[in-house]
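Sequences and hints are given; from them, build the entire structure.
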Amino acid sequence: MTGDELCIPIFKRLRQDGTLYPVDAAQRQSDDARGGQSQDTTSIERDPIEREKALKIYRTMLFTRVLDERMLAAQRQGRLSFYMQCTGEEATVIGSAAALEDDDMIMAQYREQGALAWRGFSCDEFMNQMFGNERDYGKGRQMPIHYGSRDLHYMTISSPLATQIPQATGYAYGQKLAGKGQCTITIFGEGAASEGDFHAALNMASVHRVPCIFLCRNNGYAISTPSCEQFAADGIAPRAFGYHMQSIRVDGNDVIAVYEATLAARKIAVETHQPVLIEAMTYRLAAHSSSDDPSGYRSKKEEAIWRDKDPILRMRNWLEAQGWWSEEEEKATGDQLRREVLESMKRAEKLAPPALDTLITDVYDTPTPLLKQQLEDVKQHIRKYPHAYPKGAASMGFTAQELEDSRKAHQERLQRMQSPKPVEGHQLVESHQPVDGGQTS
Amino acid sequence: MNMLQAINNALDIAMAANPRVVLFGEDVGVFGGVFRATSHLQDKYGRERCFNTPLTEQGIIGFANGLAAQGSTPVAEIQFADYIFPAFDQIVNEAAKFRYRSGDLFDVGGLTIRTPYGGGIAGGLYHSQSPEAYFAHTPGLKIVMPRNPHQAKGLLLAAIRDPNPVLFMEPKRLYRASVGEVPEADYELPLGVADVIREGRDITLLGWGAQMEVIEKAAALAEQDGIDCEIIDLRSILPWDIETVCDSVLKTGRLVVSHEAPLTGGFASEIAATVQERCFLYLEAPIRRVTGLDTPFPLVLEKEHLPDELKIYEAIKQSLNY
Ligand SMILES: Cc1ncc(C[n+]2csc(CCOP(=O)(O)OP(=O)(O)O)c2C)c(N)n1
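Sequence order for the protein chains is A and B. Residue 45 in numbering that gives the first Met the number 0 sits at position 46 of the first sequence, and the numbers go up by one each step. Residue 311 in numbering that gives the first Met the number 0 sits at position 312 of the second sequence, and the numbers go up by one each step.
Treat the hints as calculated values from the structure; they're not laboratory data. Predicted model, so just to flag it, every value in this text is computed and none were measured. Built from N, CA and C at the ideal position, the CB exists for glycine as well. There may be inaccurate statements among the hints.
Have a look at the derived ranges for each label pair, beta carbon to beta carbon [what the hints assert, rightly or not]:
(1) B:Gln223 x A:Met395: 25 to 33 Å
(2) B:Ala184 x A:Cys6: 50 to 58 Å
(3) B:Gly179 x A:Gly295: 48 to 56 Å
(4) B:Asn92 x A:Glu51: 33 to 41 Å
(5) A:Ala177 x B:Val91: 21 to 29 Å
(6) A:Pro368 x B:Tyr99: 38 to 46 Å
Following this line, the structure appears as structure tokens:
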């Protein structure tokens, strides 16, 4: 068989109109993996996800969409420096998170705010990170969207791609040793799957039999690079065979398929200590980030095709068919979420930046003497020119008036600079006289 | 021209002049790179000479090493200097040692690695680093950092044509901010030679890349106090122009070196050690280093962390008042 002939099937459950596919072989397999929970494999009437959970998933999807829209708008207004959307990939991210236990570890890439929202990260917590204020758990050190939460078992995002994948292997190995039946899921893009770290991670995971789920969001693009320039083979899922791992390809816009596949994968991982690779076929509907313009590398037509496959709409159609959701609820929830996001954003913007001392904390468990010295030097410098370091100065208790005075004094210096300089000869230097009010070192 | 246009122009000239010049990296193809340094080059030279790679820095530089060993002239882009580390082994153990270990049977002299570095763009931890010092510890590499469009073009052309592997680090803060006259013609600026931007009597100020702009501002502040600064742009970190720097310090008796990277193990330490060895009896004050703090690069408190004109100005005064 040549590479071109390879084309592993896609596990699907939900059509765009909200009806379920008839149960087929793939479905029976997935039921078996769930321990025969559902013996009646001929029935397509049963609920694949119970009502409460389904509604929570849907509300989380709506929240993520609203958050993305509002934060992109905030970025365009200059209120936020940077943002990355999950738009179009909500089913993959939230459907998989919903299939896990709350204390399973999530090690994500950066576009997975939906998984964190599923776990209960509040709107304020999202905002505090994005605005890098004093309540940001990351202390204003990382760019917006680099969330993390120890309580919610969500590892803080790191920008260097794919580095979390081998870490997930190690984390899962530790969970196996601890023997509490937990697992780790690591989420990454099809682009990141080209990194050496990905291959190392899968190899170690299969050799050491770790309870880890590797979830690839194959959304078609890595910034401008289409997946056909990322790999020549049939996507990511077949790579598992080379590492003697089980894998499945699912429709990533089908929340039920993702949910069931992850549930099955979790069972394999936890019960047999074998890693599983899931490839979710989806599409990055939005730009790569707020700094990107996709019109330079892909067509509007292609985007439109995928807009018609909107995962949120697909789930809504299903919920409505179940009689679990209505037009009115949709509208009320949307309005309420938009209000919540806006109010939360206003609160976060007003909070102070992290204290100046956070410059040197957490480099080590405690700051070294050299770091303490460096902080003192910075403080001494800010005392001279508070206007030039408004955040540090605020943290040191300088008032707005003092900043203004400092700014004026400096401005006057600069103005004098424009006029011809009176200096001839260099007495100051020759005589080693102090130049600034007599302070010497 | 701004710096991006100058770089694009240099790449265009190099590709036109030598059919073996091949450009590649993440998103460099049809998109022209995330900063647009390679715009239109795929259109002009085709997909075989300008293309996207899969997302693997170790793959990119390993591939580039092989291509260079074969006799081609690869110009590989690493999207951000912060993401060069997966390729560290291929650069430090392979590119830098190819010629030495084979007794000159093989070399990768054709290789040039371009990468944007530096802070001041609200990029936080992972979009702001200045990792030149890690590479400066590697015999066999050349490291070049331009400060403006004119330099970027002349130094990049020289780097591509230099028979040694060159790491070319571009100050991304200045990509669009730095604009200046750039000759249309093909020209090169010498590698390994510092540029005395301004002569002065009282103190030598030394830096490279984006830091030069800040140093010039500090010198202007000091001038008001009657301090006459000599300003030197090192341009090449490895090898670096010891003669020019020491000649200057012998004249002025004072030296301030500034870089964005952290203090400890930064390249300023190397310079300070060499200068005190050669100029000890001529030094009127201890050599001062004005650098980033010994912490990872912060986001919100970036201004506090970075060496700026006021911090350099204070260091100048301290040196003069010693
Ligand atoms: C090691 C490394 N190289 C390059 C980058 C720059 N970069 C950030 S996102 C990205 C594309 C990632 O694409 P993919 O993994 O497919 O995820 P997607 O953005 O499509 O969700 C690149 C190249 C990086 N963050 N880390």
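Against the structure, the hints:
1. B:Gln223 x A:Met395: 25 to 33 Å: Between glutamine 223 of chain B and methionine 395 of chain A, where Cβ atoms are some 27 Å apart, the hint holds.
2. B:Ala184 x A:Cys6: 50 to 58 Å: Cβ of alanine 184 of chain B to Cβ of cysteine 6 of chain A: about 53 Å, so the range 50 to 58 Å holds.
3. B:Gly179 x A:Gly295: 48 to 56 Å: violated (27 Å)
4. B:Asn92 x A:Glu51: 33 to 41 Å: Cβ of asparagine 92 of chain B to Cβ of glutamate 51 of chain A: about 56 Å, so the range 33 to 41 Å is violated.
5. A:Ala177 x B:Val91: 21 to 29 Å: At roughly 37 Å between Cβ atoms, valine 91 of chain B and alanine 177 of chain A fall outside 21 to 29 Å, so the hint is violated.
6. A:Pro368 x B:Tyr99: 38 to 46 Å: The hint (38 to 46 Å, Cβ to Cβ) holds, given that proline 368 of chain A and tyrosine 99 of chain B are roughly 40 Å apart.
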